[in-house]
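S.K.: One-letter residues, chain by chain:
Number of protein chains: 2
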Amino acid sequence: MHAGSSPIIDFQTDPARYRHWRIEPDGDVAYLVMDVDPAGGLSEGYELKLNSYDLGVDIELNDAVQRLRFEHPEVRCVVIKSGKDNVFCAGANIRMLGKATHGHKVNFCKFTNETRLAIEDASENSKQIYICAINGNAAGGGYELALSADHIMLVDDRRSAVALPETPLLAVLPGTGGLTRVTDKRKVRRDRADVFCSIEEGIRGSKAVEWRLVDEVVPNSKWKETVSARAHEIAARSDRPNGSKGITLDGLDRQMAADRVTYSHVDVEIDRLRGLVTVTVRGPAQGVPASIEAAHALGDKFWPLTVARELEDAILHLRANEATIGVVLLRTEGNPQAVLDHDAFLEKANGDWLLREIRLYLKRTLKRIDVTPRSFIALIEPGSCFAGTLAELAFASDRSIMLVGTRKGDIRQPAAITLSAANFGACPMGNGLTRLETRFLGEPDTLVQAKARIGTAIEGEDAAELGLVTVAYENFDFDDELRVMLEERTSFSPDAMTGMEANLRFAGPETMETKIFGRLTAWQNWIFQRPNAIGEQGALKLYGSGVSPTFNNERV
Amino acid sequence: MHAGSSPIIDFQTDPARYRHWRIEPDGDVAYLVMDVDPAGGLSEGYELKLNSYDLGVDIELNDAVQRLRFEHPEVRCVVIKSGKDNVFCAGANIRMLGKATHGHKVNFCKFTNETRLAIEDASENSKQIYICAINGNAAGGGYELALSADHIMLVDDRRSAVALPETPLLAVLPGTGGLTRVTDKRKVRRDRADVFCSIEEGIRGSKAVEWRLVDEVVPNSKWKETVSARAHEIAARSDRPNGSKGITLDGLDRQMAADRVTYSHVDVEIDRLRGLVTVTVRGPAQGVPASIEAAHALGDKFWPLTVARELEDAILHLRANEATIGVVLLRTEGNPQAVLDHDAFLEKANGDWLLREIRLYLKRTLKRIDVTPRSFIALIEPGSCFAGTLAELAFASDRSIMLVGTRKGDIRQPAAITLSAANFGACPMGNGLTRLETRFLGEPDTLVQAKARIGTAIEGEDAAELGLVTVAYENFDFDDELRVMLEERTSFSPDAMTGMEANLRFAGPETMETKIFGRLTAWQNWIFQRPNAIGEQGALKLYGSGVSPTFNNERV
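Chains as they are written, first to last, in the working numbering: chain A, -17 to 538; chain D, -17 to 538.
A hint or two may mislead.
Since copy identity is lost for identical chains, a pair holds within one copy or between any two.
[Said to hold, decoys possible] Heads up, simulated BS3-like pairs for lysine-lysine below, C-alpha to C-alpha not over 27 Å straight-line: (1) LYS189 to LYS204; (2) LYS433 to LYS81; (3) LYS81 to LYS169; (4) LYS433 to LYS283; (5) LYS81 to LYS167; (6) LYS167 to LYS283; (7) LYS167 to LYS433; (8) LYS433 to LYS189; (9) LYS433 to LYS169; (10) LYS227 to LYS109; (11) LYS31 to LYS81.
Simulated from the structure, these hints should not be mistaken for lab results.
Generate coordinates for the entire structure from the input sequences, incorporating the hints supplied.
M.R.: So this is what it looks like as structure tokens:
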């Protein structure tokens, strides 16, 4: 998982390169067909049988979900189905999990969770509504994929079932939100959920409906026509526009070097010796488009979309490929007014499907920061553009440091934070609150004061006093204070930092989403370390060997 | 942690046996003085210096909190303070943690968390309001103890500070709700919380107030008088009665044998070979008291209070001393009507301080089941009394099995569940909902139907249909089905069961309490297993040795 020691995991792909998924359009419906190539695993040593998946399969799924939103505005309902006969999806590949490092398992589950949440975001906010048509067994991660859909259909062929067999079979938990979605989304009665999660073979037929595990079962003979009818019926509920033309998400403008990744508007400088990276996000080079049509014409070159994609890729790259990097310094460069102009443009044109998509993409990218197990420190210096949407980078950070005034000989604007309406609703965190609402949970008056300052550049001590930055330093202190802070931060236990950050970032209400990343993920990570799962006699290690696991029966 | 291999941990104590705490009454105020005996550790090999604590210290604290409620109705404000000069409390003893098994650490944190929540329950619901007077350093668990109080006072002597130094010093998280209370109770801004949790020496003086870490700082010269004044001022807010006489909590009527613990109304039969225990709770032997005064005269012999205490002790005993027991079968025996009569008596007299206390005690005991890492299975058989409050035992269980009708030759009443008003509000779970509300989150109509059946015995298939039990079996199936279920359950990985149960039991809203037991505890358990904390080069292992820990810097 470290650059240099193993192949880079690349989160970019496109349909021409897919090995595991197909998009089959049918008017206002698209079928998203899972047809995993057993030989297409991301690493050696396992076969992706029975539509089981690894991170590579999910990278394609994530790509497909994004493209359906941007490239297919005409699609109002997406049907996830299997391209194989009599099998829907066997879940995460167990041999892959058995061989993977703890870090890879955790990172894999995080990404698949984000993809499931992106599917729910598409249904809820893009009105590109996902349904799932289960023809065959949907086990473990297969059923968890189905759970991300708004409507689950199961074929009634006396064989096909839904199941979460992780606990009885593998001594681990379903790792992609299954338990939380069963209790909190499907609202399955807890004792039934307990029974369901203990049955290897799962539950099928009308009982699956009665237990709220699926929404309907359909006889085999009427399967295809019923799925199609339901999809078109659900498509009719969508508010997506008629006759719109999608944009194309081209490959990113990205150069990778040994200690640097460069995009058109994002730079990543890697300092492995010190265990830190500097991510610099550049503001728009141009003014806002003259019209909505002009924005459409820019397509993926429109600055907010470019930044959302590039920053997302940078974050995913760091997570997967730079495990020893503990600290991310977040910087911005550019003209704050240009960022604010783009915010205003996006807000004004929010009725437009594409601009809505772009805002939702920005929201999702920022959420990826919230759940990234690295310490984020925003550096707010002269020439930066922490304004509006980009100010969220400071609010998403664990700490932010501002330079008071300017540096000698630097004629650029003093460092400032400038708020826009985008900081007050467009980019909620997983807990349903904005980052400023979460930040000022104990000081609602400060939130009101901050809102009153929308549009003004808030500098230095003023920003610190208003609580928008952690601390503001004069020029003669800034570098020393930062150096000490970084030395300290990188000396701490990375595990303790991860746990601390996961707890401190999400004050206030919990949602299904924060439950998944907080409660469920933490328990799963705990179990992923237990000898009963991963020891030489553990269930995950021995799966498929014909040898039964030996458990230490002490309850903890 | 297994009976036989190490000394039994006993959760019963009384003030005459305290080695670490004193209760000093002062009219409507009581000082709860922490003065830990360094030589009074629960095990060998560590000294409880600087008011640091182990499970034994917390067992006394829990006892004191209970007794203050029942034995001192006149006390309206409790001041937690230190009996040592210039030190408040150094938190959990680090050498103890360094030597303890993973299981002991987790169990220790669970119990201390419950005690802190019991303090908050006393402030909120018994109006015996806790404040904390910090004279000296309050570090780690010391500050976490303070965080359980409604009002935190800190002496301003240029030395005394509050701190959560676990992360920088020990590479673990504060284990007793500290992070959650900082963000969600004190509502400290997240970046300040991040800084605070990184500073070994903590924060003192007016900055501690500004950062919302304490409520007031008081100059040394005015310390005693200000604490006293504040305590009496807060006491005046309480609704506790004047001139009431407390009752005495006598030692439990308890016999311990090798494979059995017997109380007056609770039996625990231990089957270590099969990894299960049977806990039988007996209903009241007598009718309700003739009056509130008569109930007071019964004191701790009044059935609901007896049962709350005995069941609590049984649960705590199993957790601490029977680690290899994975399954708890919950049974009841007695007259359902007598239970319902007691429920009605408690409800009618809820204005009385003692009866209010008893209901709150029942609530806390049931909550202990909710967070106990064992599989609970309720067996609802003829002659049982799963009525009202005792029906909560079935609803707190992971599964419940009812026998349809009666067994041959058994002339007792068929098995039934009978609901009372107590099932609809008196005993909320940590998530703020009743167990039935949580159970029927997806079927609100069923909740209405259940409420309409208050007072009627709901038997067999009827109870299963209404969703009050998991399953109802005819006599000829019951034993076989149960045997198969138990064989299956005890064959699963105990870790996976613990994680699964912790996720399935708490559908619906999250509260500070569920966040502590879900999110925070799970992360802490994860970190408690990481080599960076507990390995030979880990921070917890090396603390005090003069050797710095060596971390694997990979972020997970």
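S.K.: For every hint, state whether the structure bears it out.
M.R.: A quick look at each hint next to the structure:
no. : hint             : result
1   : LYS189 to LYS204 : within (19 Å within a copy, 70 Å between copies)
2   : LYS433 to LYS81  : neither (51 Å within a copy, 52 Å between copies)
3   : LYS81 to LYS169  : neither (34 Å within a copy, 42 Å between copies)
4   : LYS433 to LYS283 : neither (31 Å within a copy, 60 Å between copies)
5   : LYS81 to LYS167  : neither (32 Å within a copy, 42 Å between copies)
6   : LYS167 to LYS283 : neither (37 Å within a copy, 45 Å between copies)
7   : LYS167 to LYS433 : between (34 Å within a copy, 24 Å between copies)
8   : LYS433 to LYS189 : between (52 Å within a copy, 26 Å between copies)
9   : LYS433 to LYS169 : between (38 Å within a copy, 20 Å between copies)
10  : LYS227 to LYS109 : within (16 Å within a copy, 64 Å between copies)
11  : LYS31 to LYS81   : within (16 Å within a copy, 45 Å between copies)
This entry does not satisfy hints 2, 3, 4, 5, 6, going by the numbered hints stated previously.
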